[in-house]
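Asks: As a plain string of letters, each chain reads:
There are 2 protein chains.
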Amino acid sequence: MGYTVAVVGATGAVGTRMIKMLEESTLPIDKVRLLSSARSAGKVLQYKEQDIEVELTTEDSFEGVDIALFSAGGSVSAKFAPYAVKSGAVVVDNTSHFRQNPDVPLVVPEVNAHALEAHNGIIACPNCSTIQMMVALEPVRQKWGLERIIVSTYQAVSGAGQSAINETERELRDVLNDGVNPRDVKADILPSGGDKKHYPIAFNALPQIDVFTDNDYTYEEMKMTNETKKIMEDDSIAVSATCVRIPVLSAHSESVYIETKEVAPIEEVKAAIAAFPGAVLEDDVANQVYPQAVNAVGSRDTFVGRIRKDLDAEKGIHMWIVSDNLLKGAAWNSVQIAETLHERGLVRPTADLKFELK
Amino acid sequence: MGYTVAVVGATGAVGTRMIKMLEESTLPIDKVRLLSSARSAGKVLQYKEQDIEVELTTEDSFEGVDIALFSAGGSVSAKFAPYAVKSGAVVVDNTSHFRQNPDVPLVVPEVNAHALEAHNGIIACPNCSTIQMMVALEPVRQKWGLERIIVSTYQAVSGAGQSAINETERELRDVLNDGVNPRDVKADILPSGGDKKHYPIAFNALPQIDVFTDNDYTYEEMKMTNETKKIMEDDSIAVSATCVRIPVLSAHSESVYIETKEVAPIEEVKAAIAAFPGAVLEDDVANQVYPQAVNAVGSRDTFVGRIRKDLDAEKGIHMWIVSDNLLKGAAWNSVQIAETLHERGLVRPTADLKFELK
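Chain order of the listed sequences is A and U. 1 is the number of the first residue of the first sequence in the working numbering; add one for each residue after it. 1001 is the number of the first residue of the second sequence in the working numbering; add one for each residue after it.
Warning: the hint list may mix true and false statements.
Claimed, not checked - Incomplete in silico selection of chain U near chain A, CB under 10 Å:
(1) Arg1183
(2) Val1185
(3) Ile1189
(4) Phe1203
(5) Asp1216
(6) Val1297
(7) Arg1300
(8) Asp1312
(9) Met1319
Claimed, not checked - Listed below are the simulated DSSO-like cross-link pairs for lysine-lysine, each with C-alpha atoms no more than 30 Å apart in a straight line:
(10) U:Lys1048 with U:Lys1031
(11) A:Lys261 with U:Lys1309
(12) U:Lys1229 with A:Lys309
(13) A:Lys315 with U:Lys1315
(14) U:Lys1197 with A:Lys261
(15) A:Lys315 with U:Lys1229
(16) A:Lys229 with U:Lys1048
(17) U:Lys1048 with A:Lys261
(18) A:Lys309 with U:Lys1358
Quick caveat, the hints were computed from the structure, so don't treat them as lab data. Just so it is clear, CB atoms sit at the ideal spot from N, CA and C, and this is done for glycine as well.
Chain A on its own, in the form it takes in the complex (with noise of 0.2 Å):
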């Protein structure tokens, strides 16, 4: 009667997650398979208490699999979603590659579910910097209209991968332990690992999160700009970002600045955040109560503070927006559209594809 999920890139940082998130959701779940590259295939990992053996990826994995997560890089998806869609399943895809396909719905549950409707059987979950900020922003965008949105990030280092995290937490053992000089520290990983050059984190921050686009702006930031404009629904908000690496290892910090179309009174609008699903107001700075990075590994929830209006736009407002980013920023946000896809009646086999088999 329940439904067989598979997990694609189940041993990643964000797979880890989406298997404990599978373990505390209320889908019904039948079985849970775990997939994974050639690397991984073979490590046991435990999903309620059963091993499970994680499997090698192959176009003929998704036989009699419902529901597929994907979170395993952009080329993986590209290559393995489609066969699972014809498979018969339906694919939460976590990765940059299908998001902004026209055929593929962008989804914030809170925010958009109802763009699951029209689904082909690929759904795309945003970029994590962007959830975040959508949760945050919803609820001032439903109330006032949103005409711009400035943002600039201070992203944790598990958003690259398992092996950023060690990567970080080697460099800063170098300078504490061993007495390297910050500058000196060996870099392999970060700021992108698909870049050419690589520069220490420990005691720095990098200005740098994926590689660059042709208008001088990072992917990462692109990513901020187009994800807003279409899980908004609106290509007229104006959003400009910038994307920053820090040395923490989980949960992304963003501090934004907003035009609204109408005056937004402050005590509104925090009322507005408060009351909007999956979003936590702490906003009390005459106690120091205010998001930390720290406080928000391994909650589902958007944490917002430092409310603030401008001090000379008279529709402008300032606010401190903190997620864990494996969570709401990925695993958590994927296993919470299955769920939407199960209330709504919406998981079942597409009959016409229409993404490419390569």
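Put chain U on the given structure of chain A with help from the hints.
Replies: The following block gives chain U in isolation, referenced to the frame of chain A:
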């Protein structure tokens, strides 16, 4: 023939760097005197390989002193700077105490050295986060005007003194070597020694520097607003800041958005910044060249990169500004003010004492 220079707060994170900057200075110096509180008096520090004993600061400490550099906290400056002026010294004060006093010039030498001409014995050195932003933005203001600034900072812990550096290193060791959960790490100093609650900075980002004011901005944030207007001598420039502490020991980074009065072509903006004294252009994203905190430590310069057009606002520009908060942000800017006073023949006793003796 040379000056007697006193350093008040000589044993602190800034004071020790003031001594180093004096060693490398072009100022004609006959004698250096090191002053401190009772806690540090009697310690011996070196100036040009000479041992100098640190003396207790008293009302009579400044007899024979020509230039007194203060960096021992606002209350020490409030109490002793007027006595230094009364004794015939010129004071360069690195605390916030006198910065908004209309009788006190607030100076970044590259930007408003002319303001020194009207000094009354005390010159204020701006806040670290303001100084580096001024060096980067003044060449833009001169050519295209400045309408507004929105800044989010990534500030190093050394801005809160040597004890905050020690606390950060201890917290990181607690997590890395002893397995303490980052949220459970003990904190005694940050975010602000003067506030009630203290939070971990290891693997965290704290959106509080200094204490909160009545408008829900922190004093640190309001310093950036008020000091920018005073240094640029234009109250119409709109400035709103979000000041954030991150686990970096030295060098502040800043994500800065500006709107100019006239449209500023990006290549001309880069050229103007590159040509401005004290500013270094590090902007070649195709080769992953941008300013980094770890590389800025130890330099007197302000590094500017990631300069790019806003995606929507015709007059909007984003940039990334990095400088050593203990040098250009404090010790070097103070010694540079002293050098500029000397070059302009402004190191001289002040007859008409404008500051209250307490």
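Asks: For every hint, state whether the structure bears it out.
Replies: Quick rundown of the hints versus the structure:
1. Arg1183: holds (4 Å)
2. Val1185: Holds: closest Cβ of chain A sits about 8 Å from Val1185 (chain U), inside 10 Å.
3. Ile1189: violated (14 Å)
4. Phe1203: At about 5 Å, which falls below the 10 Å cut-off, the nearest Cβ of chain A leaves the hint on Phe1203 (chain U) intact, so it holds.
5. Asp1216: At 4 Å from the nearest chain A Cβ, Asp1216 (chain U) passes the 10 Å test, so the hint holds.
6. Val1297: holds (7 Å)
7. Arg1300: violated (16 Å)
8. Asp1312: At 4 Å from the nearest chain A Cβ, Asp1312 (chain U) passes the 10 Å test, so the hint holds.
9. Met1319: Hint holds; Met1319 (chain U) Cβ to chain A Cβ min 9 Å, cut 10 Å.
10. U:Lys1048 with U:Lys1031: holds (11 Å)
11. A:Lys261 with U:Lys1309: Roughly 23 Å separates the two Cα atoms, so the pair holds.
12. U:Lys1229 with A:Lys309: Distance of about 19 Å is within 30 Å: holds.
13. A:Lys315 with U:Lys1315: Status holds; Cα separation ~19 Å.
14. U:Lys1197 with A:Lys261: violated (37 Å)
15. A:Lys315 with U:Lys1229: Judged against 30 Å, a Cα distance of about 22 Å means the pair holds.
16. A:Lys229 with U:Lys1048: violated (60 Å)
17. U:Lys1048 with A:Lys261: violated (61 Å)
18. A:Lys309 with U:Lys1358: violated (38 Å)
Checked against the numbered hints given earlier, the structure breaks hints 3, 7, 14, 16, 17, 18 and satisfies all the rest.
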